[in-house]
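Add chain W to chain L, keeping to what the hints say.
Protein chains in written order, with our numbering: chain L, 40 to 434; chain W, 75 to 352.
No lab work stands behind these hints, which were simulated from the structure alone. Just so it is clear, the structure is predicted and the values come from calculations on it, not from any experiment. C-beta atoms are modelled at their ideal positions from N, C-alpha and C, and glycine is treated no differently. One or more of the hints may lead you astray.
Claimed, not checked - Now the in silico label distances, taken between C-beta atoms and shown as ranges:
hint, chain 1, residue 1, chain 2, residue 2, range
1, W, V332, L, S288, 22 to 30 Å
2, L, P377, W, L177, 18 to 26 Å
3, L, K415, W, W134, 35 to 43 Å
4, W, E313, L, D198, 26 to 34 Å
5, L, F389, W, V99, 52 to 60 Å
6, W, E313, L, A229, 31 to 39 Å
7, L, Q317, W, T176, 49 to 57 Å
8, L, S193, W, V332, 51 to 59 Å
9, L, R407, W, W178, 45 to 53 Å
10, L, E110, W, E313, 57 to 65 Å
11, L, Q317, W, L123, 43 to 51 Å
12, W, V99, L, R407, 38 to 46 Å
13, L, K415, W, V343, 43 to 51 Å
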Amino acid sequence: MSILKTAYEKDLYPEIADAGDSEFQRDCVEIAATKLARGEIDRRGFLGALTAIGALTVPGIGGTAKAAADELVIVNWGGPAVEAYQKAFGAPFTEASGIKVVVDGTGPLASKIRAMVESGAVTWDVCDTGAATTLVLQKADVIQPIDYSVVDKSKVVLDYAYEYGVANYLFSYILAYNKAKMDKVPTSWADFWDTASFPGMRTLRKQPNGMLEAAMFAAGKSADEIYPIDFDLVTEKFKEIRDDTIVWSSGSQSQELFRTGEVVMGNIWHTRANLLNQDMAGDVVWTWNEGIVTAGMWNVPKGNPAGTKAAMDFIASAQDPADQVKLFLIMGNGPANPAAAALVPEDRRFADPGQPDNWAKQIKQDARWYKASSGKGDLTNDAYARELYIDVMSG
Amino acid sequence: MTGALRLKYWLLIAPALAAMLVFYVFPLVQVLWLSVTEPYPGLQNYERLLERRALHRIWWTTLQICVMTTVITVALGYIVALAMTLVGEAQRTAMMFCVLLTLWLSVLVRAFAWMMLLRGEGVVNDGLITMGLIEEPLRLLYNRFAVIIGMVHFMLPLAVLPIYSNMTGIEGRLVSAARSLGASPWQSFRLVFLPLSKPGLIAASILVFVFSLGFFITPALLGGGKVVMISEYIRVSFEETLRWGEATMLSTVLLFSVLLSLGLVARVVDLRQVFGAR
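Bound conformation, chain L alone:
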């Protein structure tokens, strides 16, 4: 029991040495726990492995929940975000509630969350995922509904208050370009697709999310005609541009492609465009026009160790507009609380996707379309789009 939890905790806080049994046994558990977390084995495989090495004799390992919620584990995507989340959300919550907040940067992959919940070895309380991931996890039945008697719906921009997830920040897919390397300024996705007037390599994301919408714009659709995505149409559009495209898989890679001069334009996250703008002395700029806004979301895994109440209290606490502006100033993530827009310092408003001026130029990504059935077998639009996109881009 304690070994199981320790196996994960060793990952989370390597500085904590546990008073477990033999070194070798712990090591085996760690290997199995890693595999479980990666989804290489399932719960039964994991238990089988533990029983085999004598690490587990207690039946039923679902009871990892602690009686007292004295600590809350927030999981995000690491790097500078660990410190930023601690500053913006952790410290104020600890001050108000007395609950210690630990920010873990290992990255709340959907598969990890699912593996944790299904194995009953949940060590994360609040996960920083996205709108589409929320719907995937909801379908997999591994996260808890948001308690809107605690979390305030009116403190979330528009309708990014889902049943199983609530927006903690906004981010946009925007058209960024290196103006030092271009004669003309692109202002729309149609320009992005126009390789004759705007020569040079482009970059698109490795996942279709945020790219499909751009392709619809490029095909001449207006903002209210983007959904439902026309699969045949976007396939044609991606075929037109794939030879002039490199794909990015991580935010840092999208930045790298601009920095090394590999690309002159890209459909990238506004946070990365903003960093590029600072790094490259203003050479890289972006337009909010036809940007695609979406939300980062808080999810609470089923059976989270600190309990539902503490997790919901934290989410409610993180709705504070001033705290969200803090995160924006450190990381660039746009505040999700509409009340925060006015608190953003004027000289930073150009980089906030939620500012009324910027907002008006963009479309809101429809995560529900992604979740809907595609009519192709049992695939959702999201799953079908991913398959199609890989197929088209590698064709």
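Below, chain W without anything else, positioned relative to chain L:
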């Protein structure tokens, strides 16, 4: 061998065997099991293999890249191994060191090194532009060309070693005999040396092909998302779309393709001999 002695030997390998069962065979069976039970029992995951065009293309890409990598690697490996048998002792040691050196370098480091060389403003393009050979940078990175270069580089030691070990066992006097009987250098190579080195060639081809099938990091980095091989797609199904049924189905098919290709080869050659087990 007496029964008691045999039992002792079994006891000696028991820990290794148990570890294999628990950490390898058991999870593997789980994977096979998931492929017919996720999201519900049945063969629907395998049906997708026939139905989905995207999967056909990915398998086709994987196969093409693996075959090309194997052919190029084994051809280059053969030349290197042949040279190693012909040079002096000191040079042979130096060559062996260089071959092994690349084997010890991390696959990530090697992929990034190729990226530095091949990218638009990279060493190769800069060099060619400075020499005036080209005006616009060539697109060397983020395509099939780059993936194959990276894979061949990774696989080369795996080809050189079995071919070389086979060649050292070839009786050199047979070639001399052929020459003394009037064969030209080319004839003595083609009719005597090449057939004798066939086991090494086959072993190298199998090793390289099987390794290539599961290749992941190199195509992901050097292909720039435009060259998608099967292992990359398995990752997407596992991590992103959470369709574990499909991911395990593809893993199972990959596993059986390896076994099948080994089985086919085994009909032609004695695999135990090829890999030196007897």
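These are the hints, each one checked on the structure:
1. V332/W / S288/L: 22 to 30 Å: holds (27 Å)
2. P377/L / L177/W: 18 to 26 Å: violated (58 Å)
3. K415/L / W134/W: 35 to 43 Å: Violated - the Cβ-Cβ distance for K415/L and W134/W, about 20 Å, lies outside 35 to 43 Å.
4. E313/W / D198/L: 26 to 34 Å: Hint holds: Cβ distance 28 Å, inside 26 to 34 Å.
5. F389/L / V99/W: 52 to 60 Å: Since the Cβ atoms of F389/L and V99/W sit about 58 Å apart, the hinted range of 52 to 60 Å holds.
6. E313/W / A229/L: 31 to 39 Å: holds (33 Å)
7. Q317/L / T176/W: 49 to 57 Å: The hinted range 49 to 57 Å is violated for Q317/L and T176/W, with Cβ atoms some 39 Å apart.
8. S193/L / V332/W: 51 to 59 Å: holds (57 Å)
9. R407/L / W178/W: 45 to 53 Å: holds (51 Å)
10. E110/L / E313/W: 57 to 65 Å: Because 28 Å falls outside the window, the suggested range is violated.
11. Q317/L / L123/W: 43 to 51 Å: About 48 Å separates the Cβ atoms of Q317/L and L123/W, which means 43 to 51 Å holds.
12. V99/W / R407/L: 38 to 46 Å: holds (43 Å)
13. K415/L / V343/W: 43 to 51 Å: This hint holds: roughly 44 Å between Cβ atoms.
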